[in-house]
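Hints given; two lone chains; assemble the complex.
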Amino acid sequence: MIRHFLRMLIVGVVILSSIYQSVSYLIATKELGSLEQDPVTIWENKFIKLKNALPAEVKTVGYLADWDIQTIGYSNGDQHGEYVLVQYVLSPVIAVRGIEQEWIIGNLTPKAYKKWWSTTRGEYEVTFFKHNLYLIHKIEQ
Amino acid sequence: MTLLSVAIFLIPIIIGTLFVHLLWNNNDPKILLLKFALGIGTGIGLTSLLYFMFLFTHQAWFLFLLLGILFLLGLITLRNWKPLSLSKRTPLGRVQKLLLLILAVIIIVDLATFVSTSLRRPHGAWDSWAVWNRTARFIYRGGEDWQRIFSAEFYWLFHADYPLLVPLTNAWGWDILNFETLRIPMIQSGIYLFGSGLLLFSALFVFRSIGTASLATIVLMALPDFVVIGSSQLADIPLAIFIAATAILFSLYSKYRQPQMMALAGITTALAAWTKNEGLIFLAASLAGLLVICYKDKQAWGLAAWYFGGIALPILIVVCYRFILAPPGDLLPSGWNEIWQHTTDLSRYVITLKAFAGVFLNISGWGYSAGYNALSFFLYYLVWRRKDTNLWSRGLLAVVVMLVIQLIAYFAIYILTPHDLEWHLTFSLDRILLHIYPTVLFVLFSITEDPENSFPLKEPFALGRGTR
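Order-wise, the sequence lines are chains V and P. Converting from the first sequence to this note's numbering requires adding 26 to each position, the first position being numbered 1. Converting from the second sequence to this note's numbering requires adding 567 to each position, the first position being numbered 1.
Chain P on its own, in the form it takes in the complex (with noise of 0.2 Å):
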C-alpha cells in the first residue's frame, strides 16, 4: 500500500514538472532540478483544484482525467524537447563534497525522524485530525454529501472554513485507491517536506552555489520544528512552499528575465490561498512584490498580464470557494466595536510583541538550538555578507517586502483575533512562522557568501558558477 500510494503521487508530480517545463523551456540540468523541485507543489496543488471543479460531476473516472493530463503534456514536451545543455562541469571541491555529505546525513536522519513520528502518529497532530484528515474524510466518505464539509453545524474548533488543498488530496488519493488508508496523508506530509528541502538546495544551487544551497538546506531541514510539523499532516509546510517557489520564481525573474516566471508566481500565489487562510494575506504580499517587480520596467503591464494570467483561474476558484460555499471564518472580529476595542488595546501589543520577540531570539519555539533565530540569523550575514554592488536584485527586493507584508499581516491577526490571545499566540506563533522560513533562508543565502570560495580549496570556482 505504501509503494502504491508513493506511485500515485508521482502522476500530479510529474505533471507539475512537465507544466513548469512547458512554461519555462530551459534544459540546463541544474535549471531542470529546480523545476522539478517547482512541479512538486505546483502538480499536487493543480490537481487538487481540479479534483474540486471534479467533485460537482459525481464521477468515478478521475485516474483516467489524470492519465490523460499526463499524456497530453509528456506528448507535447516530447515534440518539443531539446538536448540537455550540459554546461562545462567542474568537479566538486573538497568543502562541496563535505557540505553535500552532511546534507545526506541530515536528510537520512529526516527521513527516519519522519518515519518514527508518522508511526507514532499516523493520524497526525491536533489540527491533522480536527481539520484536515477530518476534512479529507467528510470528502471521500460523504460521498455525494461531500459539500456537508460546509456546514454550519461545526463547532468553530473544525474550521469548516479552511482552504482545501491538502484534505482534497487526501481525498483524491483514496478516490484513486478506492481505499482509505493512513498512508496517503503521510506520504503527502512527506513530499512537502523533503520537496521544501528540495526547492530551497535547487534554488540556491541556481542563484549561487552547491556549497551555499547545501548549508542552506542543512540548516533548513535540522531544524526540529520544522521536521515535527512537517510530518504531522498540517498544512502549514505546503503553505511554505508556495510562497517559497513564489519568492523564488520573481528572483528568476530579475535573473532570466523571462516573463512567463510570473504567470508561475501567479499560479504558486493562487495554490498559497488555496492551501491556508494565511495564503489570503499572502495573496496581497505577493501583489506587492508584483509592484516592485514591474515599477519602472518596460514591460511592467507584460509582466502583469503573464502574472494575472496565471493566478485568474485558480484564484477565481478560490474566491468562489471562499466567497460562496465556506463558511465564515472564525479568527475575524465579530464586528467594528470590537476591532476598535482590540486596536486601541495596548496591552494587546506588549503580549504579542514579547511573543514575537520571544520566537525570534529564540526564547521559546524554533527548536532548541543556538543556531536558529533572528540573532543567529543576523551574525551570520556579518559575517559572510557578499560585497557585491548589484547584491539586492529587483526580484530579491519584492521578496523582501512580501515577507514583511506576511509578518505585519500575522502580527495584525493576533492584535484583531477574538480568540483568547495568549492562548491563539501559544498554539500558533512557533508553527505559523515556518511559513516564511525556507524564504528567509533563500534571501539569508542569496546575499552572504558561497563556503566554497571562502575556504581553501585546491579547485578555485565551485561547481554551477558559470551561470551567475
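In isolation and in its complexed conformation, chain V is listed as follows (with noise of 0.2 Å):
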C-alpha cells in the first residue's frame, strides 16, 4: 500500500515538475531577447559596408581592438566575445589578432582609435566606417 502510494507520489510529481518547468522555460524565452533583431544580425549589419570595401582577394585580415591598445580598459568577456562574433561575419575571411597583416580590421573606440594612431609607425590608410569600426590598409609592407 505505501509502496503504491509512492509510486503515484513520484509520477506524480515528475509529471508536474515537467509540465510547470516545460511551461515556464518557455515564458523565460522572451528574455533571450527580441524578435526584432538579435546581436549577431546586429553585427551582420554593422559590417555590411566594410565587407564590401574589403577587396575580394583578401583571405585573411588582421584584427585590432582595445585589448591590444595599452593604457584603454576593456572588458575581457566583450572583447572575445566581439572577436568571436567579427570572425563570424566575416566569413570565409580569417580575422588573426595582430596587424601583421596587410589588410586590418580595426574595433577601436575613439579614445582607443586616437591611442593607436598616435603610437603607430608605417603608413597606413585608413577607412571609417560607423559604429566605431576601420578598415586600415598598411601601405608599406
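One or more hints might be untrue.
To be verified - Residues of chain V clear of chain P, computed beta-carbon distances all greater than 12 Å:
#1 Val66
#2 Lys75
#3 Ala79
#4 Gly107
#5 Ile125
#6 Thr135
#7 Thr146
#8 Thr153
As the list claims (entries may be wrong) - Computed footprint of chain V on chain P; a stretch qualifies when at least three of its residues, placed anywhere within it, have a C-beta under 8 Å from a C-beta of chain V:
#9 697-705
#10 720-733
#11 741-748
#12 782-789
The set of hints was computed from the structure by calculation and includes no laboratory data. We put the CB at the ideal spot given by N, CA and C, even for glycine.
Put into C-alpha cells, the structure is as follows:
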C-alpha cells in the first residue's frame, strides 16, 4: 500500500514538475532577446559596408581592438565576444589578432583609435565606418 | 524557405530509415517507428560524411547523388518488401492515454519553445557562431578554398579541429538550396532535438511499454537545459543521439540476437566521433561495450566482424580528417610535464568533484526542477524497480559500462585541461552531461516497472507487451 502510494506520488511529482518547467521555460524564452533583431544580426548589418570595401582577394585580415592598445581599459569578456562575432561575420575571411596583415579590421573605441594612431609607425590608409569600425590598409609592407 | 529547408532534410532521413530497414529486416510497426528514429541520425550523419568526400571533387551535383541513393535504396526496399506484421492490438489503457496526452502537451510546449528560441537567437548560441555555423560558412562561402577551415591561423576559441557533422550538414543544405538561409541550421537543430525524443520513445516502446516510453520521453523533453541546448544549433544533442542510438542497438542485439545491429552500432559510434571530440572518447566506450556483448558469446567473432564492418569506412574518414587535415586540438596539455602537474594536483580533483556533485545533486545546471538529478533518479528506481531475475541483459550491462567510461573520461579531461579549470567547468559541464542524458533515461526506464501495470486499470496489459 505504501509502495503504491509512493509510486503514485513520484510519478505525479515527475509529471507536474515536467509540465511546470516546460511552460516556465517557454515563458522564459522572452528573456533571450527581441523577436525583431538579435545581437548577431545587428553585427552582420554593422559590417555590410566594411565587407564590401574589403578587396575580394583578401583571405586573411588582421584584427585590432581595444585589448591590443596599451593603457586602454576593456572588458575581457566583451572583447572576446566581439572578436568571435567579427570572425563569424567576416567568414570566409580569417581575422587574425594583430597588425601583421596588409588589411586590418579595427574595432576601436575613439579613445583607443586615437591612442593607436598616435603611437603607430608605418604608413596606413584608414577608412572610417560607423559603429567604431575601421578598415586599415598597410601601405608599406 | 522554411518548408523547402524541411523538405531537403527528408532526403537523408528517408535514406537513413531505408538503410536501417534493409540491415534490420523486421516489419512490426513498433519496430518500424524505432527504425525511423534510428534512421534520422544515421541518414543525416552518413550524408555529411558523403558530402565531405564530395567536397574534394569540387562538383555541384550533390542533390542528384542523394536522389540517386534514395532511388536505389527505395527500389531495393520495394523489391524486398514484406507486408506489415500487425500483432494483436490491445486498446490503450487510461494511464497510457493520460501519459500520451501529457507527452503531447510537453511536445507542443517544446515546439513553441524551439520556435521562440530560434526566432530570438537565429544564429544560435556562442559556440554556434564561434564554431559550428562559422565552419559551415567557411565551407559554403569558401568554395574551392573550403579547406581553409583547417587553417592554423584560427584563434583557439574557434576550435578549427572540431569534427564536421553539424557544419557539413548546414553546408550541404545551403549548397542544395544554393542560398545561405538560417532556416537550415535551425531545422537541423530541431530535427535532432525532437529526434532524440522519438528515439527514446520508440526504443522504450519496443523494450517496455507505451506508458514507460511516454513517461521517459516526458522527463527527457521537459528538461529546460535539453530543450535550450537542442534549440541552439550546437552539436551536443546530435552527439547525445548517436550515443543513445549505439546504446539502444546494443540492447536490441541482446533482445533480438540479430548481428546486423552490431553493424549499425558501429556506424552510430563512428558518427558520434564525427560529431564532437567527445565522440572520439565514446569510440573507446563503445569498444568496451562491444567487449561486454562479446564476452563468452558463441558468436563473438561474428559480432565483432559486423561491428567493425559497420564502423570501418566512416571511422577511416574520421581518422583521416582528424590526423591528416585538422589542426591539433586545444583540450590536451602541451607536454608530459603539464600532464604530470595536473594529474598530481589534488585541488583539481576537489574542484572537479565539487562541480560534478553540484550538477548531479542539482545544485546548479540540469534545469531548475527537483525532479531531475541523480538523487531523484535513485529514488524513482527504488520505488519503481523491477524484480525480474533477468533484468540486466548483456546489452544493458554494456550500456552501463559505456556510460561509466564516458563519465570517467569527461572527469579526466577536466583534470588535464590546459584551460582555466573553473572556467572550463562553468561553460561546459552541464552541457556535456546532456550527451549521456537520453541514455541514462533509457537505462533507468528499462529497469523499472511500467506505470500502466501498477495503477488500477480496466485493461490489464499494456499495448506492446506481447513482444517482451
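| said: Please list, smallest to largest, the hint numbers that this structure does not respect. | reply: 1, 4 and 11
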